[in-house]
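Listed below, chain by chain, are the residues.
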Amino acid sequence: MRGADYVLKRVAFAIVTVFVAVTINFALFRLAPGSAVTNLSRVPHATQELRQELRKQFGLDKSKGAQYVIYLKQLLHGNLGISFENEQPVATNLRVALINTLPMVTLGTLFAIVIGTLTGVIAAWRRGTPTEALTVSSALSFYSMPTHWLGLMLIIIFAGVLPTGGMTNEFLLNPPFWTHVKDLATHITLPSLTLGLVLYGEYTLIVRSAMLETLGEDYILTARAKGLRPWTIVRRHALRNAMLPVATLVALSLGYIVAGAILIETVFSWPGIGRAVYEAVLQRDYPMLQGAFLLLTISVVLCNLAADLLYFKLDPRITE
Amino acid sequence: MTASGMMIEAPSAPAQTRRGFVLRTLRRKPAATIGLVILVLVTLTAVLAPVIAPYGLHTQVGPVFGSPSWSHPLGLDDGGIDMVTLLMWGARISLVVGFAATLVSMAIGGTIGVLAGYFGGAVDTVLMRITDYFLVVPDVPLMIVVAAIWGPSLFHIVIVIGILLWTGTARVIRAQVKSVRERVYVKRARALGAGHTRIVVRHVLPQVAPLLIANTVLTVAVAIFDETALSFLGLGDPSRISLGKVIENAFERAAISSGAWWAIVPPGAVVALIILGCSLVGGALEDALNPRLRVAHLSARTFRLRPLVGRSEGAL
Amino acid sequence: MTPLLQVEGLHVWFDLAGGGELHAVQDVGFTLEPGERLGLVGESGCGKTTTALAIMGLLPPTASAAGRVLFDGKDVLAGGEATIRPHRWVDVAIVFQGAMNALNPVRPIGSQIVEALELHDVARGAAARARAGELLESVGIPARRADRFPHELSGGMRQRAAIAMALSCEPKVLIADEPTTALDVMVQAQILELLDGLCREFGLALILVTHDLPVVAQLCDRGVVMYAGRIAERAAVDELYHRPHHPYTRLLFAATPDLDDLDQPIISIPGAPPRLDRPLDGCPFRPRCDRAFERCAVERPELRGFGDGRTAACHLDSLVPA
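Chains as they are written, first to last, in the working numbering: chain C, 7 to 326; chain G, 244 to 559; chain Z, 87 to 408.
One should not assume that every hint holds.
[Claimed, not checked] Once the Cα atoms are required to be at most 20 Å apart in a straight line, the calculated EDC-like pairs of lysine to aspartate or glutamate come out as:
1. Z:Lys258 - Z:Asp233
2. G:Lys272 - G:Glu495
3. Z:Lys258 - Z:Glu287
4. C:Lys15 - G:Glu495
5. Z:Lys160 - Z:Glu119
6. Z:Lys258 - Z:Asp307
7. G:Lys272 - C:Glu138
8. Z:Lys258 - Z:Glu119
9. Z:Lys258 - Z:Asp207
10. C:Lys319 - Z:Glu238
11. Z:Lys258 - Z:Glu279
12. G:Lys272 - Z:Asp101
13. C:Lys319 - Z:Asp233
[Stated by the list, open to error] Listed next, the stretches of chain Z that the computed footprint assigns to chain G, with coverage defined by at least 3 CB atoms under 8 Å from CB atoms of chain G:
14. 158-171
15. 248-261
The hints are simulated quantities; they were obtained by calculation from the structure and are not laboratory data.
Cβ coordinates follow ideal geometry from the N, Cα and C atoms, glycine included.
Extracted from the complex, chain C is given alone in its bound form:
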């Protein structure tokens, strides 16, 4: 396989990074001062049984080193601990939250990619015209808006037209399938629109830059010399090459998008990972916090790995 050692190197790096992240996670929550996992008196409304359970589970009576080993073993079994708040396994809570977050984030990202690419190509194509200035200014403006503020603005604008909170309408009991789908769709619109608008600007600028760079390449001149029409050249030769950096940048930013969703989910009361983190902070639910944090970190590492492999696959010039 071409460049097998390149792939192996990247995978190895990812694994090591995950390991480091896990360790940092442990250090942060167990070793940091004021760490409530160790200080059980800080756990709100903890029953005696829960305290015993916690003590046993986390091995708090043992040394730090032993705790670390216990922690690793638990992770390998998918045991992220028990949430203080609802006394459910953290892993279960996170799974539910993740399932809620993913559609919203995916929709928003798709919107950003599509609009960003479109505007970026247009801006590069119409270089030096007012169209370019307009697209770039819009991109910059949206890019500069704080995520949560934009969400609030959209709520102000669309209040009454689109639902502004939650994932579903709680007053609908056992709705028929299509009503349910419509309900979800209306609820998901504003949060994902917010994400899309905040993200797309960066993509516009990157696509525009990559496209301009590509359009200055020698083989574009060759394509022109061959008699190809300008738009055909853009479609067949420029787009493919200009998309190379974009493809990886998108894959890379996916990791951070999940993190940025925290703000959106708070504004729109969306029951996803972001809000789980926020509420865990408020309630000092440290197992949840630790688990969520680990999940987010691993997702970033995986996205980076995906980006590396994607770039490797798309560009035949990379052999090592």
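Given the coordinates of chain C, work out where chains G and Z should sit on it, guided by the hints.
Okay, now just chains G and Z, sitting in the frame of chain C:
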């Protein structure tokens, strides 16, 4: 002189000197000028807030969420305090946090970047591995966690933000230092026995400065955004009023359902303006430092035709 | 009989990044007969490449042009992109410098030749792929290499592939822009031989753009010497080589070291070409000319004939012995 590449290199004026590069770029590019104007205006307003604020910061001058009027163009917040006053004072804190956090980040990132780039080898590898790991950890969650554990205070916020932003700077500075290090005059200085410190200060830093400035400006934008985010999530310093806090207050007190959009829109708009200004200036500087050498062969416009000039040369 | 290609009064300007214009090509004209080999010579920046590109209308959006480019008597430049595009590759094709990224790095070389064939309806599908293979064979590349990417080929082979692609639609004129620069000496000779053979076999007219004079001497019938965007001299290659009129031509040919006479001192032309972003008084070559006199500083010399098909832009009246 070689005829490498096509003659379609963008013809330009003779190479610019390093000195005054930043100022020259800011003057020339319209985007940068606009950005600079925005930043100067906001900063001046913030600095002069104690003098020019129309009302007292803690003085209630009307009902909760009072609507805009002639005497209060932007209405009142949830405590009956004039919004314009709040914005001015809020900008102060936001800018302070932004600049301070950026300072921390620049100090760490710049140092690491210079050390890694200048010394190379093992030092470089170790520092870069550390940077890579920091890069991978998502900053917003980490900030939330650290702020939650450490407790809210302006100082903590600044440190937290600063610690997370240094990675971008470190990478960029390292790349630049590496290329500068290879330059002839640096090698000459080494050969003449100049010490490392002297070389770094006299030769490397001046070359790296414009890039550092560009990076600083862009980092300020992120720092201010991060502060806004932290405040919104309730992790900001409760005793200080930043623009983020203004938004958070309004959100908490259900400004939207009260229809008091003026409590939410203006503070965020100011933050957006600051970030926009920083992006414009920083972006323009970065562009100027990495000029695109090639002109696009293709665009919607094509080459223009002019009428025949003078006497045309017939074939002989 | 009308010449195959006529260039008359060609001017090209480039917009400068800080404002203003660069007058890169000034009043250039020449003709090309079928099967004729023309060398376009001069130092870097003299405008020879821009002239070649202008013939095919391959100027960037930041350029403006004036003048006439006539194919078989029809002006193709006047209508801009629309009138010139039908002629590209079918009437005139171009091969760029070997060091360039002239082939798309993410597509196999065969597919890029097929693209040309299908675009101009020479062949489609499997027939096109077969034809591409034949073309590659004719330039010395095994047909099975058609699915290789450009970076998998050596510089010389990339150049051959580019030549194969240029000939795919059987043009009447081939423009070769610095085809041998940036190639090894051995490979250079091979490429030149290839060009020579192919042009002879298909009766192609050739415009060879280069600063490398021995190449021109080897391959071309006539030569056009350019300096600072203008034509300095136009004559048969033999004349340029042995009896150059324009002092620049003389110095240019003298500056080429002669490997047969190693005791000869190496001559270089001191100074640099003038800036093209502002108008110039007098002869552009005057500051570096060893034969300049008062008139040269005041009045710009126009191209005039000196008999035997030679024209030169110089105030000197008699043929200067080499």
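Pairwise hint evaluation, aspartate 233 of chain Z against lysine 319 of chain C, where the allowed Cα distance is 20 Å at most: holds (17 Å)
Holds or violated: are the alpha carbons of lysine 272 of chain G and aspartate 101 of chain Z at most 20 Å from each other? With Cα atoms ~17 Å apart, lysine 272 of chain G and aspartate 101 of chain Z stay inside 20 Å; holds.
Lysine 272 of chain G paired with glutamate 138 of chain C [C-alpha distance capped at 20 Å]: holds (16 Å)
Cut-off 8 Å, C-beta pairs, minimum 3 residues; does the coverage of the stretch 158-171 of chain Z by chain G stand? That given contact holds, which follows from 4 residues of the stretch 158-171 of chain Z lying within Cβ reach (below 8 Å) of chain G.
For the pair supplied as a hint, lysine 258 of chain Z and aspartate 207 of chain Z, confirm whether the alpha-carbon distance does not exceed 20 Å. At roughly 17 Å apart (the allowed maximum being 20 Å), aspartate 207 of chain Z and lysine 258 of chain Z satisfy the hint.
When you check the alpha-carbon spacing of lysine 160 of chain Z and glutamate 119 of chain Z, does it fall within 20 Å? holds (15 Å)
Given the hint that lysine 258 of chain Z pairs with glutamate 279 of chain Z, does the C-alpha gap stay at or below 20 Å? holds (19 Å)
Claimed coverage, the stretch 248-261 of chain Z by chain G - three or more beta carbons nearer than 8 Å: violated (count 0)
Would the pair lysine 258 of chain Z and glutamate 119 of chain Z pass a check requiring their Cα atoms to be no farther apart than 20 Å? Holds, at roughly 10 Å.
Does lysine 272 of chain G pair with glutamate 495 of chain G here, judged by a C-alpha cut-off of 20 Å? violated (42 Å)
Next pair to validate is lysine 15 of chain C with glutamate 495 of chain G; report whether the Cα-Cα distance is within 20 Å. violated (48 Å)
Holds or violated: lysine 319 of chain C with glutamate 238 of chain Z, Cα cutoff 20 Å? This hinted pair holds, its Cα atoms lying about 17 Å apart.
Violated hints for the displayed structure, listed by number in ascending order: 1, 2, 4, 15.
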